[in-house]
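Asker: Residue-level listing of the chains:
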Amino acid sequence: MPDSGAPGFSNWICPLPLRRYPTIVMGHGGGGKLGNELVEHLFLPAFRNPALENLGDAAVLELSSGRLAMSTDSFVVQPLFFPGGSIGELAVNGTVNDLAVSGAEPKFLSASFILEEGFPLPQLAAVVNAMAEAAASAGVRIVTGDTKVVERGHGDGCYINTAGVGVLRAGINVGPNRAQVGDIVLVSGTIGDHGMAIMSVREGLEFESQIRSDCAALNGMIADVLDAVGPAVHTMRDPTRGGLASTLNEIATAANLGIQIDEANVPVRSEVQSACELLGLDPVYVANEGKAVLFVAPEAADRALEILRAHPLGREAARIGAVTAEHPRMLVARTAMGANRVIATQIGEQLPRIC
Amino acid sequence: MKYLNEFRNGEIAQRMAREIWQVATRRWKIMEICGGQTHSIIRNGIDQMLPPGIEMIHGPGCPVCVTPLALIDKALAIAAQPSVIFCSFGDMLRVPGTDADLFQIKSRGGDVRVVYSPLDAVELAAKNPEKQVVFFGVGFETTAPANAMSVHLAKRRGLKNFSLLVSHVLVPPAIEAIMSSPDNHVQAFLAAGHVCSVMGYWEYPPLADRFEIPIVVTGFEPLDLLDGIRRAVIQLEKGEHHVENAYERIVTYAGNLEAQRLLAEVFEVTDRSWRGIGVIPKSGWRLNDKYRVFDAEERFQISDIHTEESPLCKSGDVLRGALKPAECPAFGAECTPRHPLGATMVSSEGACAAYFNYGRFLSADELASAGVAHAR
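As they're listed, the protein sequences go chains X and H. Take the first sequence: its position 208, counted from the start at 1, is 207 in numbering that gives the first Met the number 0, and no numbers get skipped. Take the second sequence: its position 93, counted from the start at 1, is 92 in numbering that gives the first Met the number 0, and no numbers get skipped.
Any given hint could be a false lead.
Some chain X residues near chain H, calculated using beta-carbon distances under 8 Å [what the hints assert, rightly or not]:
1) G174
2) P175
3) E276
4) T334
5) M336
6) R340
The hints are simulated quantities; they were obtained by calculation from the structure and are not laboratory data. Even glycine gets a Cβ: it sits at the ideal position worked out from N, Cα and C.
Input sequences plus hints: build the corresponding full structure.
Answerer: This is how it looks when you write it as C-alpha cells:
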C-alpha cells in the first residue's frame, strides 16, 4: 500500500464506530451500514455545511443570478502524501483553480472517492482533513460526494474526483482565444515546484531536496487582480500537467498568435533547476499546482504585476513575455545566449535522458 | 547553480562568439560526437551564434539512436515475457521497434520500469527473487561503468535473476569509421566530455595524427561548447591538428582509472552494429566470459523475431553527418516526435528531435505548419 511520505498517523484517534475496521473493506462502498458510518463519522464532521447535511441524492444550492462556470478533475497522484501537500489539497485546489482562472468565484465542490480495499483508515482521514482545510481556506463548500471501494490490486490506494461550480464575475470574459497581440504574459511565481517535489519522493527516484509542492488555491490572488484591472485580463490558465510550455502552446494555438518569452525572466527556484539538470528534465514542462499565467493588456501589466506581488502566493510573480503576430501558434523562447528556440508541446511524459 | 550558471553567461558567450567570427576566415565543418552536445547546441542556439562558414555536423553520439533495431526488438520480446521485470533508462521507452515500443509492451501488461541507475535494477532483482530482472544497458563509455558495476554486484551477491541486455558502443572507433568513409566532410571533432571523464583522452592523439584532424575535448554548457568550437577553429585556421582539453574541470588525460579497471574486469571489445550505419569493427563492449551468464541475450535466447527498418527513415545518413535532419523527406511529415520512424526523432539527444523541438531550421511558414501538425 503506498504510504511513502505519509505523515505520522499515530496521534489520529479513530472515531469510535470506525475502529472495528482500521482499513477500508469492500463494505465501505456497499451503500450499507459501513458506508454510512464513514459518512457520519468522517466525511460529515470534516466537511460540515448545510447543503451537505441533508445527505440527499443531490445537494440543493442557492446561487445568485448570473453565469455559472463548472469544472471537474480527477486526482491519481502517487505518492498520496508529498512534501508540501497531499492528494487531498490537490483535489480541492485543482478544481478551485480551474474555476478561478476561468474568471469565476468558486463556490461548491463535489468529492468522489475511489478507495482500494485495505487502504488504511488513518490515511483516508488525513486526506479528508486536508481537503476540509483546503476547502475552508479557499472559501468553498464540499456539498455532495460518493465513495466506492475496489478490490485490492485494482486501485492505487485512493483516487479522488472533484467537480466544482463557481459564479462568473460580471464584466469578466477570459479565455485562451482572447489573448491579443501586445498582451503581456505574467506568471505568478516560480515554476516546476510541484512536479519536482513529487519526483523527489517517487519510488526509485528518491533524492534529498528541500523542494515543496506549490499546491495552493489561487482564487484569492486572482480576485485581487480582477478587482484592480479586471477587463484588461484577457487570458488566465493554471499551468498544471505539461507545465508552462504546454499551457502557453495551447493558448498560442487557441488564439492563433505567437508567444515570445524571455527564458532569463522565467522564475525557477535554484533547487528545482538543479534537480531538473540532474534528471535531464526541462522546468518549463514540469507541473505546477499553485501558479497562474495571466495575459494582460500592456497598459495594465505593471499594475497587475504589482497586485500579484502584494499577495503571499504571488511574491515571485514575473513578467515573462508577450504576445506577437509573428510565428502564429508557436511559443518561442529567447535563450540566455540571445538566440531563439521553439518550445514545442511535449509528447506524453517527459522522459529522463540516458546521460 | 554553481558550476552551471558560470558557464551560461550570455555576455561572455557573445564575446566568445565574436572571437570565433574574428579567427574564422574559411569554411569549416566540425562534428560534435555526443548527442548531449547536439541537444545543448540546438537548445541554446549556439549554431545561430557562429559565423555562416562554421557548420556543426551532428555525430552518432546518441546511444538511443545507434542501438540497432534488432536489439530493440529483442528487448521488446524479453519485456513482454510474464516472468520479467524489464528496466530501462527513460528515453528508450518510446524508441520504435519493428512493431511496437516499450510503452506499448507496458500497456499490454509487460512489467517495464524506468530506473535512473542500473544499481536500482540490481536491488529490484534482490527484492523479487521469483522474477527475472533485465536491465537494458545501452550507451557509450559514459554509462558503461555503472552497468559494469551492476553485473559485478549481481555476481558478488549471487543474484541468479539479474541480467544485462548490453549494447555498449565506443567513441574512438566511430571517429575512425567516419574519417575513413569516402564521403566524409568532417574536418575537426569535439570529443564528448562525459566519455572522456571516464576514459581520459589518451585514445585520441593517434587519431588526430593519423587523420590530421583537431580533436577538442569539450563540455556541455554553452560556454564549454563555444570554447571547444573556438579552439577547433583556431587549430584549423593554423593548419594544426592535435588533441586539446577544453573541459579541464572534469577531464584528465588518464581518466577515471578505477572505472577503467572495472570496465576491463567485466567487458571485452566486440564488433557492434550501429543503427543506420552498420557494423563497425571493435566498436563496442560485451560481457566477457567471466560475466557471460549475466548476458540477457544468452539467457533468453530470443530468435524468430522479425526486424524491419522503416524504408522512409534516413537516420543513418543523419547519424553519419551526411544529411541534416530537415533535409530528410520524412522529417516533420511522416516522422515527428509523436510518430517517430527512427530513434533520432525519439531521444531528446537525437538530432532529428532536437531540430524538431527547437526547430529554427525552417522558415516561419514551415515552422507554423509544423506547429499545427504538432498540435493535432
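Asker: Against each hint, give a clear statement of whether it holds in the structure.
Answerer: To see whether the hints hold, each was checked on the structure:
{"no.": "1", "hint": "G174", "in the structure": "violated, 17 Å"}
{"no.": "2", "hint": "P175", "in the structure": "violated, 13 Å"}
{"no.": "3", "hint": "E276", "in the structure": "holds, 6 Å"}
{"no.": "4", "hint": "T334", "in the structure": "holds, 5 Å"}
{"no.": "5", "hint": "M336", "in the structure": "holds, 5 Å"}
{"no.": "6", "hint": "R340", "in the structure": "holds, 4 Å"}
Going through the hint list in order, the structure does not satisfy hints 1 and 2.
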